[in-house]
Amino acid sequence: MSLRFNLQLLRSVFIPPIILILILISGSLLVSIGILYYEQTSHIKGELLWFENQYVEFGFPKNWYGTPLEYSIPSSGKTFSAVFTDPEKVIYIGLSVFDEAATDTFLNNSNLTDARSVVNYEANMTYYEILKSSSNATLVFLENSTKTVSGHEAVYSIYKILNGYTENNVAKNISYMMLSYFDNQRLVQIAFWGSEEDFDSTFQVMETFITNLMVKT
Amino acid sequence: MSIEPFKRGPIERMELVHTAIGGAICFGITLLVLDIVYNGLPYLLHSLGMAGVTFFMDYYLIARALFIFGLVYLTSGFCGGVYTGYNVYANLKIILFIPATISAVGYISVIVLIANYPITFEFISLVILQFIGNTLGSFLGGYAINWKYLKEEPGTETSEKFTLETRK
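If you're matching them up, the sequences are chains A and B in order. Using the working numbering, the letters of the first sequence correspond one by one to residues 1 to 217. Using the working numbering, the letters of the second sequence correspond one by one to residues 218 to 385.
Please keep in mind that the hints were generated in silico from the structure rather than gathered at the bench. Note that beta-carbon positions come from the ideal geometry of N, C-alpha and C, so glycine has one too. Check each hint, because a few of them may be wrong.
Calculated from the model, a selection of chain A residues having no Cβ within reach of chain B, i.e. all distances over 12 Å [stated by the list, open to error]:
| # | residue |
| --- | --- |
| 1 | I33 |
| 2 | K62 |
| 3 | N168 |
| 4 | Q204 |
Restraint-style ranges between C-beta atoms, simulated for each label pair [claimed, not checked]:
| # | chain 1 | residue 1 | chain 2 | residue 2 | range |
| --- | --- | --- | --- | --- | --- |
| 5 | A | L131 | B | A237 | 47 to 57 Å |
| 6 | A | S81 | B | L233 | 47 to 57 Å |
| 7 | B | G257 | A | N53 | 25 to 35 Å |
| 8 | A | L131 | B | L233 | 54 to 64 Å |
| 9 | B | S326 | A | V31 | 24 to 34 Å |
| 10 | B | I238 | A | I15 | 30 to 40 Å |
| 11 | B | S326 | A | N212 | 43 to 53 Å |
| 12 | B | I328 | A | D114 | 27 to 37 Å |
| 13 | B | S264 | A | N212 | 43 to 53 Å |
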């Protein structure tokens, strides 16, 4: 009796339109995940996903979210930017590569002359932006130095913005590393920022990112 | 006079109401599930250790569209089709387009009129994808709920569900 009932139930469930919709749904999900899996396997090298385009080549952690941005203004040149974040932490890596025209426009519009002035300008701009939402924020420079990136001498600053944001009514500090250099008259900017704790624990990821970065000529 | 399943016949007012409700179900499920799936996919990728593929935008957008097509558009269309197919007797071959149309038009209205989203090529292709998914789902839902009647031999007496007495 029970067996007959179950067979009838099965017969009424496994009818062609339901089988077809299940095939369509599972098929599109499998193809979707398959595309992403193929994309991952074709770009992975160790624990890093490798990205390459006409401007730049670099590796980033395979389980970080990333967003590329490429914009072009006819009179101001082209800029390629990318932002990465670890979804489990409050930490970000940003990269911007300007072409010659975009570099000239950026330097002229902001009255900047060299990589050090670019780093200071970005630090101050960030601070003023944060002041809009946290009026008692304070900028503290911790380290100003140089570092070799892709065979070029890059200038960097590590600084903190104290009371940069509030989380659960508790004022938190934001740590920054801003790095800048010129590669054949093209400006390259790398920013690394996040909560104080996550900044220190993820610094090695930033070092790996810088080591693997290659700007194309 | 009787009306055979999926054959043409007079449409009653209540059938149009049920078709509109089917469209509303389709649209409602689309709106409800779309947001969950749209925001849930990155979490799923992260739990699979594949969050980085979001950076490869061309492939990621195609994969996300396919994922939404299967999980949202087909499913919502199927639910709308099941409701419509259960309540409407005649003209189902034409009427099952209506839930998908209502859903697509409703979605365009919400996005363009309420969210003020610009009409771009990407938006148009998403709406076309939604319409195809909803239509396919709607027809499969409508056929699934009426499958046992469709299997009946032609010439035999049609089931009670499909026998409508014309009102004189």
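To see whether the hints hold, each was checked on the structure:
A beta-carbon of chain B is positioned within 12 Å of the beta-carbon of A/I33; the least distance is around 7 Å. Listed as a non-interface residue, A/K62 fails to keep its Cβ farther than 12 Å from every Cβ of chain B; the least gap is roughly 4 Å. Here A/N168 stays apart from chain B, with its beta-carbon at least about 23 Å from theirs, past the 12 Å limit. Every CB of chain B lies more than 12 Å from the CB of A/Q204, the least distance being 17 Å, so the non-interface label holds.
A hinted range of 47 to 57 Å for the beta carbons of A/L131 and B/A237 is consistent with their spacing of about 54 Å. The hint said 47 to 57 Å for the Cβ distance between A/S81 and B/L233, and at roughly 52 Å that hint holds. Separated by about 29 Å at the C-beta atoms, B/G257 and A/N53 satisfy the suggested range of 25 to 35 Å. Hint check: A/L131 to B/L233, Cβ distance near 60 Å, so the stated range 54 to 64 Å holds.
The supplied range of 24 to 34 Å is met by B/S326 and A/V31, whose beta-carbon atoms lie about 30 Å from each other. For the pair B/I238 and A/I15, the supplied restraint of 30 to 40 Å is violated, since their beta-carbon distance comes to about 24 Å. Range check, B/S326 to A/N212: Cβ separation about 47 Å, and the 43 to 53 Å hint holds. The hint said 27 to 37 Å for the Cβ distance between B/I328 and A/D114, and at roughly 47 Å that hint is violated.
About 26 Å separates the C-beta atoms of B/S264 and A/N212, a value inconsistent with the hinted range of 43 to 53 Å.
When the structure is compared with the earlier hints, violations turn up for hints 1, 2, 10, 12 and 13 and for no others.
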